[in-house]
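**Q** All chains, please: the whole structure from these sequences, using the hints.
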Amino acid sequence: TFFYRAQKQDLTVSFTEVRNEDVLFELSQIPGVLRVEGTRAVAVKMSHGQRTERTAIESMDRGARLSARIDGNGHQIAMPLAGLMLSRQLADQLGVSAGESVHVEMLGGRRTERMMPVAAIVDEFIGARAYAGPRTIETITHDRTGVASALLAIDQRARNTILRSLKDMPVVLGVSERDAAMDKFEQVIDENIFTMLFFYISFASAIAVGVVYNSARILFSERAHELATLRVLGFFRSEVGLVLLGELALLVVAAVPLGCFIGYWMAQLMAAMFSSDLFRMPFAPERATYAYASLIVLIAAIGTAALVALRVFRLDMVRVLKARE
Numbered sequence: 001t002f003f004y005r006a007q008k009q010d011l012t013v014s015f016t017e018v019r020n021e022d023v024l025f026e027l028s029q030i031p032g033v034l035r036v037e038g039t040r041a042v043a044v045k046m047s048h049g050q051r052t053e054r055t056a057i058e059s060m061d062r063g064a065r066l067s068a069r070i071d072g073n074g075h076q077i078a079m080p081l082a083g084l085m086l087s088r089q090l091a092d093q094l095g096v097s098a099g100e101s102v103h104v105e106m107l108g109g110r111r112t113e114r115m116m117p118v119a120a121i122v123d124e125f126i127g128a129r130a131y132a133g134p135r136t137i138e139t140i141t142h143d144r145t146g147v148a149s150a151l152l153a154i155d156q157r158a159r160n161t162i163l164r165s166l167k168d169m170p171v172v173l174g175v176s177e178r179d180a181a182m183d184k185f186e187q188v189i190d191e192n193i194f195t196m197l198f199f200y201i202s203f204a205s206a207i208a209v210g211v212v213y214n215s216a217r218i219l220f221s222e223r224a225h226e227l228a229t230l231r232v233l234g235f236f237r238s239e240v241g242l243v244l245l246g247e248l249a250l251l252v253v254a255a256v257p258l259g260c261f262i263g264y265w266m267a268q269l270m271a272a273m274f275s276s277d278l279f280r281m282p283f284a285p286e287r288a289t290y291a292y293a294s295l296i297v298l299i300a301a302i303g304t305a306a307l308v309a310l311r312v313f314r315l316d317m318v319r320v321l322k323a324r325e
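Going by the working numbering, the sequence shown opens with residue 1, and the numbers climb by one from there.
Quick caveat, the hints were computed from the structure, so don't treat them as lab data. Ideal Cβ positions, reconstructed from N, Cα and C, are used throughout, including at glycine. Among the hints, a few may not be true.
Under the rule of at most 20 Å between Cα atoms (straight-line distance), these lysine to aspartate or glutamate pairs were calculated in the DMTMM-like manner [stated by the list, open to error]:
hint : residue 1 : residue 2
1    : LYS45     : ASP92
2    : LYS8      : GLU53
3    : LYS8      : GLU138
4    : LYS167    : GLU37
5    : LYS8      : ASP183
6    : LYS45     : GLU138
7    : LYS8      : GLU124
8    : LYS45     : ASP143
9    : LYS167    : GLU186
10   : LYS8      : ASP143
11   : LYS45     : GLU113
12   : LYS8      : GLU105
13   : LYS8      : ASP71
14   : LYS167    : ASP61
15   : LYS167    : ASP71
16   : LYS8      : ASP92
17   : LYS167    : GLU124
18   : LYS45     : GLU58
Pair ranges (Cβ atoms, derived) [claimed, not checked]:
hint : residue 1 : residue 2 : range
19   : GLU191    : LEU258    : 16 to 24 Å
20   : ASN20     : PHE194    : 20 to 28 Å
21   : GLN187    : GLU247    : 24 to 32 Å
**A** Have a look at this one:
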């Protein structure tokens, strides 16, 4: 998945304050730690023209192996040598394009201000984010780049020993485990999103069945006189039923592609509405979704066809022909 490709570390260690890079060496000396990489994010106010957004610029080293940025197509993003890299959402909010410059004001520390070029704009799911290399962050902050957190790759057999060592370090504010965070996220999804999807799918299926059935009943009511006339003219019940069911089949065949087309754009609109500054909801329809929707309509059509055929076989020709139009 995108998550495991972007987050390759086992542990994320947060520090009480921004530290110099010597702390990374201390962490690397803990038995069982295989690799250590530092990260930092600085809070800024970014402006372009009349638009202003508060965000954070995250450090992104070109040589990082424990973290990566993945775009909407699943490709790893390479950090430009200089300048800022903005997410598509942040770039749209600021109305800026690659090659233009934005005004960056620090919200902490020395509160420095500087015009910075936008080197690249990328499509990703995180939301309104900005990235820069360590040297670019040094240019913005006017100080040596420190680290606010560290990413650790560890030997799982030494996990408990490493956690105890980190707990004893006064500079460590907290430790989070990637797998535990993912398990918690999946639990929340199971408890909330899947329940909501179950009701959505149930209601959609019920509506599909109801629409097909009501269409068939209306069609039968409108054609009852003509069907009875065909029976009087000598047509067999099967032939009369085939006329009605053929019309119903044409309606279903025409409606399924149109419904898939409209559903595609409605799903895309819903994905856009669920997106926020924290994340962007990916729109990734699967063929199985269309197959399921078509199958529901097909089952409803077959069931309805059986009921309509039964009504045709029970058609009272005399009563229908005597009835007024």
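**Q** If a hint holds in the structure, say so; if it doesn't, say that too.
**A** Each hint, compared with the structure:
{"no.": "1", "hint": "LYS45 to ASP92", "verdict": "holds, 16 Å"}
{"no.": "2", "hint": "LYS8 to GLU53", "verdict": "violated, 30 Å"}
{"no.": "3", "hint": "LYS8 to GLU138", "verdict": "violated, 26 Å"}
{"no.": "4", "hint": "LYS167 to GLU37", "verdict": "holds, 19 Å"}
{"no.": "5", "hint": "LYS8 to ASP183", "verdict": "holds, 15 Å"}
{"no.": "6", "hint": "LYS45 to GLU138", "verdict": "holds, 16 Å"}
{"no.": "7", "hint": "LYS8 to GLU124", "verdict": "holds, 17 Å"}
{"no.": "8", "hint": "LYS45 to ASP143", "verdict": "holds, 18 Å"}
{"no.": "9", "hint": "LYS167 to GLU186", "verdict": "violated, 27 Å"}
{"no.": "10", "hint": "LYS8 to ASP143", "verdict": "violated, 29 Å"}
{"no.": "11", "hint": "LYS45 to GLU113", "verdict": "holds, 9 Å"}
{"no.": "12", "hint": "LYS8 to GLU105", "verdict": "violated, 32 Å"}
{"no.": "13", "hint": "LYS8 to ASP71", "verdict": "holds, 16 Å"}
{"no.": "14", "hint": "LYS167 to ASP61", "verdict": "violated, 27 Å"}
{"no.": "15", "hint": "LYS167 to ASP71", "verdict": "violated, 35 Å"}
{"no.": "16", "hint": "LYS8 to ASP92", "verdict": "violated, 29 Å"}
{"no.": "17", "hint": "LYS167 to GLU124", "verdict": "violated, 34 Å"}
{"no.": "18", "hint": "LYS45 to GLU58", "verdict": "holds, 13 Å"}
{"no.": "19", "hint": "GLU191 to LEU258: 16 to 24 Å", "verdict": "violated, 35 Å"}
{"no.": "20", "hint": "ASN20 to PHE194: 20 to 28 Å", "verdict": "violated, 46 Å"}
{"no.": "21", "hint": "GLN187 to GLU247: 24 to 32 Å", "verdict": "violated, 50 Å"}
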